[in-house]
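Chains as they are written, first to last, in this note's numbering: chain A, 437 to 656; chain B, 437 to 656.
Don't take every hint at face value.
Identical chains blur together in the list; that is why a pair holds if it fits in one copy or across any two.
[Said to hold, decoys possible] Straight-line alpha carbon distances no greater than 20 Å define the calculated SDA-like cross-link-like pairs of lysine to any residue that follow:
#: 1; residue 1: Lys-484; residue 2: Pro-607
#: 2; residue 1: Lys-443; residue 2: Glu-458
#: 3; residue 1: Lys-641; residue 2: Met-446
#: 4; residue 1: Lys-622; residue 2: Thr-504
#: 5; residue 1: Lys-636; residue 2: Leu-605
#: 6; residue 1: Lys-621; residue 2: Arg-505
#: 7; residue 1: Lys-638; residue 2: Glu-564
#: 8; residue 1: Lys-656; residue 2: Ser-452
#: 9; residue 1: Lys-541; residue 2: Ala-631
#: 10; residue 1: Lys-622; residue 2: Glu-502
#: 11; residue 1: Lys-450; residue 2: Glu-614
#: 12; residue 1: Lys-443; residue 2: Glu-542
#: 13; residue 1: Lys-622; residue 2: Ala-523
#: 14; residue 1: Lys-493; residue 2: Pro-625
#: 15; residue 1: Lys-443; residue 2: Pro-524
#: 16; residue 1: Lys-461; residue 2: Leu-605
#: 17; residue 1: Lys-621; residue 2: Arg-457
#: 18; residue 1: Lys-454; residue 2: Asn-514
#: 19; residue 1: Lys-454; residue 2: Ser-480
#: 20; residue 1: Lys-484; residue 2: Pro-625
#: 21; residue 1: Lys-484; residue 2: Asn-514
Rather than coming from a laboratory, the hints here were simulated on the basis of the structure. Small disclaimer: the values here were computed from a predicted structure and weren't measured.
There are 2 protein chains.
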Amino acid sequence: MEIKILKEIMEDVKASAKEIREHLKGKGVFMVNVMGSPGSGKTSLIRKLIEKLAPLKAGVIEGDIETTRDAEQLAGLNVPVMQINTAPFGGECHLEPSWILSALKELPLEEIDCLFVENVGNLVCPAEFDIGAHLQMVVLSVTEGEDKPLKYPLAFRVSHIVALSKIDLLPYLSYRLEQVESNIKKTNPELKLFALSAEKDKGVKELANFLKEKVETFKK
Amino acid sequence: MEIKILKEIMEDVKASAKEIREHLKGKGVFMVNVMGSPGSGKTSLIRKLIEKLAPLKAGVIEGDIETTRDAEQLAGLNVPVMQINTAPFGGECHLEPSWILSALKELPLEEIDCLFVENVGNLVCPAEFDIGAHLQMVVLSVTEGEDKPLKYPLAFRVSHIVALSKIDLLPYLSYRLEQVESNIKKTNPELKLFALSAEKDKGVKELANFLKEKVETFKK
């Protein structure tokens with residue numbers, strides 16, 4: 437019985453994700469699912485990307501268990517932000533497409549070219565749920581160590597981009613870039629790597645340009 | 437139906453956790469559940485703690501989705517280590533007491549005073565599952581930012597100790613210690629804070645001494 441219910445839930449998820457992807461395609465809104473551990477630097481990176489994507493217009497859906505801190509951090513950018521708190525749903529460790537659907541109803545989609553979804557800070561669960569995004573990005577900070585692509589492979593397998601963040605801290609860590617690169621390749625040879633620091637504004641432009649191209653191709 | 441099944445599962449979890457706690461009490465084994473984000477420094481800290489706990493004897497249960505890297509990192513310490521991989525269970529984001537029970541059967545409990553369980557790297561899910569430990573510790577690295585106790589409150593609410601790790605990186609971060617202290621107090625005023633760096637061997641001794649006392653009181 438339990439297996440049957442789980443199967444039904446995952447089928448619902450797939451159907452909703454497909455619905456979202458098609459709906460947004462019709463509206464010309466490119467959706468990016470941003471995943472990563474707590475404190476990997478997702479919010480800071482999204483903030484910088486939004487600045488650099490102009491004149492393309494951005495929007496954000498913020499997923500958090502509790503608090504609206506990340507949404508507040510994005511205030512002042514003058515982009516539409518919707519907050520989803522999972523605490524009322526038992527503090528869920530990921531976002532589900534049904535919640536994205538509800539959030540989309542509240543967002544002015546005609547004013548958005550690129551919609552970032554900041555998933556719950558968690559390198560495990562969000563990767564299991566297709567939320568209907570057109571691009572999946574995993575943020576991995578260098579302070580987390582080189583072995584994470586091997587230990588938490590699913591997030592790397594379902595992603596198109598890995599943003600290797602906080603590279604300004606490299607001089608103070610015993611971190612081997614070639615090691616993480618090799619671990620990423622082993623886990624998913626298709627994954628595109630961007631090494632960057634949002635704090636020091638290093639390497640973010642390259643990722644922004646990549647996204648710009650993606651969004652423009654998508655809208656054609 | 438779904439709710440009923442979930443309720444039954446959580447009742448099973450509670451019963452198994454209680455069984456484990458009593459079983460270990462009888463054997464004089466003090467169990468510590470170590471939780472935290474991927475890359476927060478759990479393995480390095482456990483390694484250092486084991487060295488400093490001597491002559492008390494330690495053991496480790498390593499929880500990972502895939503790979504045995506953390507267990508390998510502990511080899512050479514000459515303590516019994518059991519690896520639990522959750523990949524065969526659908527890549528579960530946490531450890532469950534039933535798996536701990538199986539691991540306990542394989543460990544030489546009579547040779548262990550303090551048993552560390554390194555949970556899956558995840559600041560959300562492990563906190564939801566009582567695994568029968570006598571002490572709960574959450575490891576939070578300073579690179580994760582000051583706001584995590586507010587954003588992921590459950591792990592901090594169910595813990596007795598927070599190990600604030602990687603403080604050797606503080607000079608390179610815009611991090612306010614008083615801010616994280618205040619956020620910890622707001623979330624759980626009972627939580628005992630140890631600021632430390634396993635890499636630079638700073639502050640670990642204080643935590644080891646605290647644990648030593650706990651283990652000795654427990655064994656009386």
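Structure-based check of each hint:
In this homomeric assembly, Lys-484 and Pro-607 never come within 20 Å of each other (Cα to Cα): the closest approach is 23 Å inside a single copy and 24 Å across copies. When the C-alpha separation of Lys-443 and Glu-458 is checked against a cutoff of 20 Å, the pair qualifies neither within a copy, at 23 Å, nor between copies, at 36 Å. Taking the closest pair of Cα atoms, Lys-641 and Met-446 never come within 20 Å of each other, the shortest separation being 37 Å inside a single copy and 47 Å across copies. In this assembly of identical chains, Lys-622 and Thr-504 lie within 20 Å of each other by CA distance solely across copies; the values are 16 Å between and 37 Å within a copy.
Taking identical chains as interchangeable, the C-alpha atoms of Lys-636 and Leu-605 lie at most 20 Å apart whether they share a chain (10 Å) or sit on different chains (16 Å). Taking the shortest alpha-carbon separations for Lys-621 and Arg-505, only the inter-copy value of 18 Å comes in at or below 20 Å, while the best intra-copy value is 34 Å. Within a single copy, Lys-638 and Glu-564 get their C-alpha atoms no closer than 31 Å, and across copies no closer than 38 Å, so neither meets the 20 Å cut-off. Neither within a single protomer nor between protomers do Lys-656 and Ser-452 lie at most 20 Å apart by alpha-carbon distance, with minima of 24 Å and 57 Å respectively.
In this assembly of identical chains, the alpha carbons of Lys-541 and Ala-631 never lie at most 20 Å apart, being 34 Å within a copy and 45 Å across copies at closest. Proximity of Lys-622 and Glu-502 under a CA criterion of 20 Å is satisfied inter-copy only: 14 Å between copies versus 35 Å inside one chain copy. Proximity of Lys-450 to Glu-614 under the C-alpha cut-off of 20 Å is found in neither arrangement, the shortest distances being 36 Å within a copy and 44 Å between copies. Proximity of Lys-443 and Glu-542 under a CA criterion of 20 Å is satisfied in neither setting, with 30 Å inside one chain copy and 33 Å between copies.
In this homomeric assembly, Lys-622 and Ala-523 come within 20 Å of each other (Cα to Cα) only across copies, at 17 Å, whereas the closest approach inside a single copy is 36 Å. Taking the shortest alpha-carbon separations for Lys-493 and Pro-625, neither the intra-copy value of 31 Å nor the inter-copy value of 43 Å comes in at or below 20 Å. Taking the shortest alpha-carbon separations for Lys-443 and Pro-524, only the inter-copy value of 17 Å comes in at or below 20 Å, while the best intra-copy value is 23 Å. For the identical chains of this complex, Lys-461 and Leu-605 are neighbours neither inside a copy (39 Å) nor across copies (44 Å), given an alpha-carbon limit of 20 Å.
In this homomeric assembly, Lys-621 and Arg-457 never come within 20 Å of each other (Cα to Cα): the closest approach is 28 Å inside a single copy and 42 Å across copies. In this assembly of identical chains, the alpha carbons of Lys-454 and Asn-514 never lie at most 20 Å apart, being 29 Å within a copy and 52 Å across copies at closest. Proximity of Lys-454 to Ser-480 under the C-alpha cut-off of 20 Å is found in neither arrangement, the shortest distances being 29 Å within a copy and 42 Å between copies. In the homo-oligomer, the alpha carbons of Lys-484 and Pro-625 never lie at most 20 Å apart, since the shortest distance is 27 Å inside one protomer and 35 Å across protomers.
In this assembly of identical chains, the alpha carbons of Lys-484 and Asn-514 lie at most 20 Å apart only when taken from the same copy (13 Å versus 47 Å across copies).
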